[in-house]
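*Asks:* The residues making up each chain are set out below.
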Amino acid sequence: MGKRRDDAHSRKPKKKRDKAFDLWLKRGLHQMFDNVVNEPVPEELLKLIQEDREKQD
Amino acid sequence: MTASFHDQVIAILPKLRVQALALTRNRSVAEDLVQDTVCNALAAQDSFVMGTNFAAWMHRILRNRFISDLRKKREVGNIDDTPQSLLSVSGRHEDRLALKELDAALARLPDDQREALVLGVLEGMSYQELADVAGCAVGTAKSRVFRARRQLEVWLMGEEEGGVSGKAGAETTTRASSTRRKTRTARNTTRNAQQTA
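Respectively, the protein sequence lines represent chains C and H.
Mapping of the first sequence onto full-length UniProt numbering: position 54 corresponds to residue 54, and the numbering continues sequentially without gaps.
Mapping of the second sequence onto full-length UniProt numbering: position 94 corresponds to residue 94, and the numbering continues sequentially without gaps.
These aren't lab readings, by the way, just hints derived from the structure by calculation.
Fair warning: there could be bad hints in the mix.
Said to hold, decoys possible - Listed next, the in silico SDA-like pairs over lysine to any residue satisfying Cα-Cα at most 25 Å (straight line):
#, chain 1, residue 1, chain 2, residue 2
1, C, Lys-19, H, Val-138
2, H, Lys-15, C, Lys-14
3, C, Lys-26, H, Ala-44
4, H, Lys-15, C, Arg-53
Same shape as in the complex, but just chain C (with noise of 0.2 Å):
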């Protein structure tokens, strides 16, 4: 009894850690990936799509 109250005691903190790892993971990953997500796309890979949008009207 005694030790399932201590358990639930620890898993609080443990549950606020989770959401602040769960919010760094993700700031850390857009930090990593915004640039290439928003970096212009190749010119040589939209005239390959357009000149497909053209072979294909």
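Given chain C, put chain H in place with the hints provided.
*Replies:* For chain H alone, kept in the frame of chain C given last:
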């Protein structure tokens, strides 16, 4: 109809880049993978059924292409070839160190777990969408995200209790001592995240 298909291809390119980079961990290989994926998609556009999930279709093509390339090359990922621009973010020294540690830890994750985590966290994909992309059960997709997140926590925060089962768990035990030193930086930055939340 065709125009709409091409517009959708262009619109999804940034997300394909994220997936490609998550899988290959190599900037130039990722760019090639995206280009090959687009070529495959354009060649197979007649097989796409309008009204079905276009994003899942494209991500699946990329994933299949990655697996096929991997089988051919047997070696794609390379921690040393980490795109430096990924890590060249401005900010405090401590933040940059934490990012480098995160990057190194991500590199150690199995490809499918890293992909699921990145697409889930960054792209906000649901477990169902992740399962559609990977061609696996929803439970498997959920487990991949959970295990990836848990494993990163173990490596970066030194959280060893509760363990991660299987191969990853065994690896954790053997590597935990060598990574314990690194946890301080991640802990500090996590604490900062908690304070600013």
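*Asks:* All hints are to be evaluated individually against the structure, with a verdict given for each.
*Replies:* Tested hints:
Proposed proximity of Lys-19 of chain C and Val-138 of chain H is supported: the alpha carbons are some 23 Å apart, at most 25 Å. As the CA atoms of Lys-15 of chain H and Lys-14 of chain C are separated by approximately 33 Å, the hinted pair breaks the 25 Å bound. Between Lys-26 of chain C and Ala-44 of chain H the CA atoms are separated by roughly 34 Å; this puts the pair beyond 25 Å, and the hint is violated. At roughly 21 Å between alpha-carbon atoms, Lys-15 of chain H and Arg-53 of chain C fall within 25 Å of each other, so this suggested pair holds.
Violated hints, in rising order: 2, 3; the structure is consistent with all others.
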